[in-house]
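Protein chains: 2
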Amino acid sequence: MLFATPLNQAFTDDEKSLISELTKVKLPLIAVFTFDDKKDNKIHTQKEAYFKSAGCKTAYFSSKENTASHIKTLYKLIEESAPEVTRELTPVEGLVRPGSTVLLVTPIDSAAPKGRLILPQVETLRDLLDRDCNAIVVKENTLQSALENLKNPPDLVITDSQAFAEVSKILPQEQPLTSFSILFARKKGDFEYFMQSLSALENFPDGGKVLIMEACAHHQKEDDIGTVKIPKLFKKKICAGGKAVTFEWSREIPANIKDFSLVIHCGACMITQKTMLERTSILKAKGIPVINYGLFLAWANGLLPRAIEPLKGIAK
Amino acid sequence: MLFATPLNQAFTDDEKSLISELTKVKLPLIAVFTFDDKKDNKIHTQKEAYFKSAGCKTAYFSSKENTASHIKTLYKLIEESAPEVTRELTPVEGLVRPGSTVLLVTPIDSAAPKGRLILPQVETLRDLLDRDCNAIVVKENTLQSALENLKNPPDLVITDSQAFAEVSKILPQEQPLTSFSILFARKKGDFEYFMQSLSALENFPDGGKVLIMEACAHHQKEDDIGTVKIPKLFKKKICAGGKAVTFEWSREIPANIKDFSLVIHCGACMITQKTMLERTSILKAKGIPVINYGLFLAWANGLLPRAIEPLKGIAK
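These protein sequence lines are chains A and B, in that order. 1 is the number of the first residue of the first sequence in our numbering; add one for each residue after it. 317 is the number of the first residue of the second sequence in our numbering; add one for each residue after it.
Derived from the structure by calculation, the hints contain no laboratory data. Think of the CB as a built atom: it goes at the ideal place given N, C-alpha and C, for glycine as much as any other residue. Incorrect hints may appear among the rest.
[Unchecked claim] Covered stretches of chain B, as calculated for chain A (at least 3 residues, CB under 8 Å):
1) 361-371
2) 443-454
3) 463-470
Sequences are here, hints too, so could you generate the full structure?
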């Protein structure tokens, strides 16, 4: 982040509170000092000391000097900060080799965009091509025939989590299997904390509350995953013995987050890894377990640990 | 199209010239008469007669009456006009059956969007899934291994036109083969006129001019198809005997269109069928042959008529 502030005026209250928020986020912050040619020495000393003590890099701009060279300096500072930003894994990074055959199961449900594929599917497919893999793309109803036409079984099957039940019935037990949503849990989230959080499903308290969090405002259809499918499956798997559960839905962490026993988050395909990690770290700090849709569906279909086996030894 | 005009004012000159343009396009036009409650009878009679003689449907609106019922009437008129609009084919319509195995060759060149696939590839893939087909997606460098892993050869191979040469070397002669660009010629354009226009390649005049038309402002890379690859291949195939050729590039039909011996148009994935058909009909009326990138590349690679065989009996 770049924080521009003039050297001829003291910090405003707004600036102070904004800086205080920004330094909490623990992202590289560069102070860009403007009006360097009109600087007040006291203000300069104060502002510089403040940012340097917070570990920030500093750049100086003035309208009297050559802007191009200032910008060059700034680019260099930004480049130097790049390694501090966590790199997001690509969907199949470390899971395939050149020449691997990977079968993708992509059911077309009513929420799929007309004439297109959803983002995690397209990103995964492109990543496979970039890695010199062969991709086979099928719906769940033609999976059997696609498998029968192969001389060698796929090195990996990646399914939409919603088709876990059908897909796992068709595949032999030894077939490596995971889901787009589990790949995105690794790519976007704090995978280790998700794994720890799975125990919250086994030990769900009677009367507990579940928060379903989504990243985007997708159009909800009648068989919607977050509002219909997951609550239904949750009750079937966890409440069969008489346990009570309440569901709430949110796109932000709500004020009453302490009331929840578990957060089930969507695949986060429309938000950055940074946003997802920030959300997870806030929830983790409050002791709230977090999993995502794919992990819940894998668990509910009896596919854990099977569906995370392909990620073993690679997931951080 | 809806053309709204008030019944208390005579046609303005702008209206007259606009209507004259619109009636040339031969699309269903509905006259929407406003201020029906304040209508001047002479103007009303005149306007109504004008639109009815042009075969237009008419609807009447007034602020004094129930707008909802007017809108309902208007919807009905629009619905009635729908069959007059040419329906755009989906990419593989009529070319596959449920259960068909279709292999897509999608080279990843420098113009491909980061982490995605280009639109014709995604649309074709989705269309295959919607039709209960199995899709195999590979780059040209793993095509051989993908074929070797199949018990039965694909029912159809669809390649990026830029990989025709490599792909046709690998595939057996009897393997049905076409390209995304040829599918899009059928989907977006006047396929029959494209076919007729192919003779312009065989009979290209010495000193002739070629217009390369593109629909979108894609970022041009060094191996750009429209500015580099096609002119190079054109010269190799057509000018080897000493013929001269000049190339020009445009995103619109230029004023000097009569000077050109041939138009080679992009796949038109970013414009509607309607726009592409309009462009082609203007060029056809002026006697300028038009083909698209895919047809040119198929011809230049010696793949015609092979690459249009899969479309036979279906293409209109």
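Do the hints match the structure? See the list:
1. 361-371: Violated - the stretch 361-371 of chain B has 0 residues with a Cβ nearer than 8 Å to chain A, which falls short of three.
2. 443-454: With 11 residues close enough to chain A, the hint holds.
3. 463-470: Since 5 is at least three, the answer is holds.
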